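A.B. asks: Take a look at the letters that make up each chain.
Protein chains: 4
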Amino acid sequence: MTQQKLQTAVLGASGYAGMELARLLARHPRVGESLLLRREAENGTEMPPLPLNGHSRPLQPFSWATLEKNKVKVLFLATPHEVSRTLVPEAVGRGIRIIDLSGAWRLKRDEHRAIYGFCDSDPQKAASLTQSAIYGLPELNAERIAGAQLVANPGCYATSVILALAPLLRTGIVDRERGIIADCKSGVSGAGKEPSARTHFVSVADNLSAYAVFGHRHVGEILEQLALQATEFTFAPHLLPIPRGILSTIYLRLRQPATGAEVEACFRDFYAGRPWMRIFAPPQLPQIQFSLHSNYCDIGFCLAPDGQRLVVISCVDNLLKGAAGQAVQNMNLMHGWNEKEGLN
Amino acid sequence: MTQQKLQTAVLGASGYAGMELARLLARHPRVGESLLLRREAENGTEMPPLPLNGHSRPLQPFSWATLEKNKVKVLFLATPHEVSRTLVPEAVGRGIRIIDLSGAWRLKRDEHRAIYGFCDSDPQKAASLTQSAIYGLPELNAERIAGAQLVANPGCYATSVILALAPLLRTGIVDRERGIIADCKSGVSGAGKEPSARTHFVSVADNLSAYAVFGHRHVGEILEQLALQATEFTFAPHLLPIPRGILSTIYLRLRQPATGAEVEACFRDFYAGRPWMRIFAPPQLPQIQFSLHSNYCDIGFCLAPDGQRLVVISCVDNLLKGAAGQAVQNMNLMHGWNEKEGLN
Amino acid sequence: MTQQKLQTAVLGASGYAGMELARLLARHPRVGESLLLRREAENGTEMPPLPLNGHSRPLQPFSWATLEKNKVKVLFLATPHEVSRTLVPEAVGRGIRIIDLSGAWRLKRDEHRAIYGFCDSDPQKAASLTQSAIYGLPELNAERIAGAQLVANPGCYATSVILALAPLLRTGIVDRERGIIADCKSGVSGAGKEPSARTHFVSVADNLSAYAVFGHRHVGEILEQLALQATEFTFAPHLLPIPRGILSTIYLRLRQPATGAEVEACFRDFYAGRPWMRIFAPPQLPQIQFSLHSNYCDIGFCLAPDGQRLVVISCVDNLLKGAAGQAVQNMNLMHGWNEKEGLN
Amino acid sequence: MTQQKLQTAVLGASGYAGMELARLLARHPRVGESLLLRREAENGTEMPPLPLNGHSRPLQPFSWATLEKNKVKVLFLATPHEVSRTLVPEAVGRGIRIIDLSGAWRLKRDEHRAIYGFCDSDPQKAASLTQSAIYGLPELNAERIAGAQLVANPGCYATSVILALAPLLRTGIVDRERGIIADCKSGVSGAGKEPSARTHFVSVADNLSAYAVFGHRHVGEILEQLALQATEFTFAPHLLPIPRGILSTIYLRLRQPATGAEVEACFRDFYAGRPWMRIFAPPQLPQIQFSLHSNYCDIGFCLAPDGQRLVVISCVDNLLKGAAGQAVQNMNLMHGWNEKEGLN
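Protein sequences appear in the order of chains A, B, C and D. Under our numbering, think of the first position of the first sequence as 1, with each following residue one higher. Under our numbering, think of the first position of the second sequence as 1001, with each following residue one higher. Under our numbering, think of the first position of the third sequence as 2001, with each following residue one higher. Under our numbering, think of the first position of the fourth sequence as 3001, with each following residue one higher.
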């Protein structure tokens, strides 16, 4: 008996993350042909020929009727956060499960959410959804994702930083008072597809620049997921002259001197059985190229001769493990499928 | 006795060519502090810190009164062609000499100009100026540039192609009926500073694309300057994933078999004494890097074993020999100065 | 009943094409775990972590005994051409089918082969194999590939040029006497993995250079496959500052004026049913990004207003359709499988 | 009366720093035509056409006789450190002043020098020279450089880090016990011109990698010049996919909360009158592009809301302020000339 395929839709399928999602879903063995949607406001009506291997399918305009007609069970939102904030309450009411790639539902605490300036039409419902949304980082929250109605897919920087720090912080070996620093470097697709002076080729090529130091939106996610205080964590993102990929260099101090083997074991134990984590044995370190075009998060580290200063290197492809790949991984968990399904 | 310095102004000093002009004029020994101007429409009011070595001078809004107050003798227009088409008649009336970097005044023939769609308020005066404007390619027109009121600075592709072909065509050794092909490759600054989907880093990086094949605006200049028929010349520009530089690969056939030495002599004789031309002896060929950040036009070639098929390679920095550097070279000629002044 | 999987081996699995082959074979549904081999001379014994998704399998040294023990039925050679020239006679004698990615067996005519300077130990046998080898371009030679013992996988430039020209030449609409010009641009992986001054990052970045004009090894393949005379074809390759991808811009003249629709039909008819060819309808043109990381050859064109001057643009990923992907496509044909198997 | 020009020589003029030196010296108004030299071991005998604007002068083999014949007063060494360690004692004996761009003479303490593994033929003389060599960072050591016989030109990373930290450390406002972290990113020319797997275009493009964390040679310089303990300083260099330029992101904690104005004043006071330092006012931050092709060191910073966590950004062109430009600046100081001479 042929199993029925899952009906899905992608809203915002012409953006970078949306195109990757469309590409991944098109070859996922358990998913039917996805509905590729655009908001009314978006004027591009055709997918570029790239992601679907030559079948440049036109995007359809979004409507609830279209979703209903196609019996969509899972809706991926690759939309600006205000759009997501507006659509999710209704989608939930209609019984559609949502995987939201924006920052709309990632944060539980008001002080972290303030930076987004949400303006909800039904604040009470929004507050309730905010608390019930599950932060979609499968390596930390697999069980809760499985039953979630609304999954808030993590930010790309946040994915890379949280996965590098969680094993160390949860085992309590980090001297948090000495502070944790994340010096992150991202390719340009992380800044989105909208043309701007900042993403002009001539501004980026042959260049490197820091931006939003101490003020990036992903800081809130990192603090909440790792239960850190704001003063314990310093975050400095940089724009790399490459299309995609993130490398985070994370600096911290251990409470007690440790050996490299102990640090490596901490990572390996924490991520045992997790199919999309790769731990590098010293002196090997991850590089952006290694995880590019894959759903892996690669982690390696260097320990100082004093055994206390630790540098952790973490790499993800910002459009896959940092966005669309992780969204598919979450979809897999939500349906009891293997986490690797459709991602190889 | 100290010689008085020339008063100049640059309108459009925040664009790529305008910034280079501002930088070159700032260190030109015979030029006073240039007036850096913006059109009312331009909202950027500050120069980026780059070109003037740390002195980020604010741009002043353009007005004729400002030009007059500063006794501007030479006005550089790094503006869209419609702006140039509007301002030049008045500037000429005020006795200001103009070096225009746009395509507004380069073309004598109506059929070539049609592509620009000019809409002149005083068509008669515009027509008269069109005919009196001098095409500012110093290696071909030095004498006429010296006395010009209005110099039409050539396009970047056109500079690279015309300089590669002029020696061969003027000595009559090219079989024009067999056709001439220019396959040109340009860095992204040639597309201007305006952000667009096409100049987004992610669109350009790891890519190469052809565009405007048979339909690029610079074709008209090339045909007019080289006295070619439209059917004799094929032009295919390509967008390179680099910030600046042009390499043109030009294919043609000689009427009679020749030797490499004869071809080399043709180039060397034609450009004898021209300080900004470099002829490469085979098997050396120009590369984009060699002329980058200089005002040189580099030319090399390969001759087929049959002695008739000839491939000419020509490189310029599109912002220098292809724009701002050539404009300064023209200014030098207009004042009887050494062509190299301020360009080393 | 489970079908038995094909046993394959890759010699030279640490080079760029070899790594891609290892990656493709690892996920091919009809192929068993491939033997990854190195020549004695190669000192790298480990695959980089990239291609096999984290399983950095050590390369084994090559020996006939190892091939026999593993019952290898198909041997891929991603080796220098001299190595291939040496190994193939013995492999054929042992009944192993070979897909050779080098230039060793592509050329039938002595004058084309001279550039390689082969030095065969058994010239008679080598000559016989040379004549029986099948040029592995599936879109032209599918039937003969199916039964081949020795498949000579085409060069990357040659793939891109031959596929762009074959439909036009075979229908006889090209004015060959007027000459055909291929201006090709390739990413750096085409130059191989051996470090050199030429492939140093600083030499390539922010640069473009022509090389081997009139003298590139792939010219022979193109002439033979298209039945062209040497004087009818001009080939100028250029090195692009990107890791991978080829764009060829090809210039020719039609005997009689044609319409764009006729040209498009010529391509579409010729490649009807070929799964790895994509024909672009004007004014759309292929770009390197569109075929990157895929096995597609993309073809588009521009026709001059005179209906006779034609510019064809052809793009392939030099490591896939230009090497490893095409090798797998050939393997599929050799076993009666769908050409797309393992390549999606 | 015409002042006599200084006679200089550059040994290693075909490397990246050596080429920049040759270029800078060729246009320095107080320097005669420089002798461009190669070691016997170097096989390249020609300068590439790039640096001397088209005059590809052959390099002469090094000999003391050649130096003497040309009355060389200042010898620049752009050589491996062992070569410099061998040549300097004799050069000093001959009364030639040396500006050494290698790491041979930068370090006073044995424990820092150990990483270089020097093997001196006359250890006593070498030890004496080691102690008398002046660390050539003009912003810290201008007076001692003026009278120096042997100037040890700083490393590129060290220049960027020391200049960012010196003002803060010397005013005693840094909580050194909390540790200082330098996350540095450099273009590929910093790795030298020797081709290697690591500098292959395909290895670097679309990539970022950390290397030599806790173990880079420049750490010793930084510790010595800033009087830091090894455990107080963490250094992690990264290889950027760009040809040149360094951006260092430096993390530290102030003893007491401060205001941005106080931090800015600390930098501005310390570097008052220094022509090659540019301090950026918040929220402006340096980018690699801003100092590229100039001798500037650009410094900016972000202060956390808590007033104690400070992120300093420092940029230099590794081949200019990080090597050849700083060498010329040192030469200027050694002769009582303006520090800017020949560097604009």
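Since the hints were derived computationally from the structure, they do not count as laboratory data. All of these numbers come straight from a predicted model, not from anything done at the bench. It is possible that part of the hints are untrue.
Straight-line C-alpha distance at most 25 Å; calculated BS3-like pairs for lysine-lysine [as the list claims (entries may be wrong)]:
1) K3069(D) <-> K3108(D)
2) K3340(D) <-> K1005(B)
3) K2125(C) <-> K2073(C)
4) K1108(B) <-> K1125(B)
5) K2125(C) <-> K340(A)
6) K1108(B) <-> K1005(B)
7) K3071(D) <-> K3005(D)
8) K2005(C) <-> K2073(C)
9) K1193(B) <-> K193(A)
10) K5(A) <-> K2340(C)
11) K3193(D) <-> K2193(C)
12) K1005(B) <-> K1071(B)
13) K5(A) <-> K108(A)
14) K1073(B) <-> K1340(B)
15) K2340(C) <-> K340(A)
16) K71(A) <-> K5(A)
17) K1340(B) <-> K3005(D)
18) K108(A) <-> K125(A)
19) K1340(B) <-> K3340(D)
Listed next, with one range per pair, are the computed distances between beta-carbon atoms [what the hints assert, rightly or not]:
20) T2231(C) <-> K340(A): 49 to 57 Å
21) G1192(B) <-> R3039(D): 58 to 66 Å
22) R3057(D) <-> G2215(C): 28 to 36 Å
23) R2274(C) <-> G1215(B): 27 to 35 Å
24) P3123(D) <-> G172(A): 48 to 56 Å
25) R3057(D) <-> R1170(B): 42 to 50 Å
Just so you know, even glycine gets a beta-carbon here, dropped at the ideal spot from N, CA and C.
A.B. asks: Hint by hint, say whether it matches the structure.
C.D. replies: How the hints compare with the structure:
1. K3069(D) <-> K3108(D): 34 Å, violated
2. K3340(D) <-> K1005(B): 23 Å, holds
3. K2125(C) <-> K2073(C): 21 Å, holds
4. K1108(B) <-> K1125(B): Within the cut-off at roughly 14 Å; holds.
5. K2125(C) <-> K340(A): 49 Å, violated
6. K1108(B) <-> K1005(B): 34 Å, violated
7. K3071(D) <-> K3005(D): Given pair K3071(D), K3005(D) holds - Cα atoms ~11 Å apart, limit 25 Å.
8. K2005(C) <-> K2073(C): With a Cα-Cα distance of about 10 Å, the restraint between K2005(C) and K2073(C) holds, given a limit of 25 Å.
9. K1193(B) <-> K193(A): 17 Å, holds
10. K5(A) <-> K2340(C): With Cα atoms ~23 Å apart, K5(A) and K2340(C) stay inside 25 Å; holds.
11. K3193(D) <-> K2193(C): Since the Cα atoms of K3193(D) and K2193(C) sit roughly 17 Å apart, the hinted pair holds (cutoff 25 Å).
12. K1005(B) <-> K1071(B): 11 Å, holds
13. K5(A) <-> K108(A): Not satisfied, since the Cα-Cα distance of roughly 34 Å exceeds 25 Å.
14. K1073(B) <-> K1340(B): The hint holds at about 20 Å.
15. K2340(C) <-> K340(A): 22 Å, holds
16. K71(A) <-> K5(A): With a Cα-Cα distance of about 11 Å, the restraint between K71(A) and K5(A) holds, given a limit of 25 Å.
17. K1340(B) <-> K3005(D): 23 Å, holds
18. K108(A) <-> K125(A): 14 Å, holds
19. K1340(B) <-> K3340(D): 22 Å, holds
20. T2231(C) <-> K340(A): 49 to 57 Å: 56 Å, holds
21. G1192(B) <-> R3039(D): 58 to 66 Å: 47 Å, violated
22. R3057(D) <-> G2215(C): 28 to 36 Å: 29 Å, holds
23. R2274(C) <-> G1215(B): 27 to 35 Å: 30 Å, holds
24. P3123(D) <-> G172(A): 48 to 56 Å: Between P3123(D) and G172(A), where Cβ atoms are some 51 Å apart, the hint holds.
25. R3057(D) <-> R1170(B): 42 to 50 Å: 33 Å, violated
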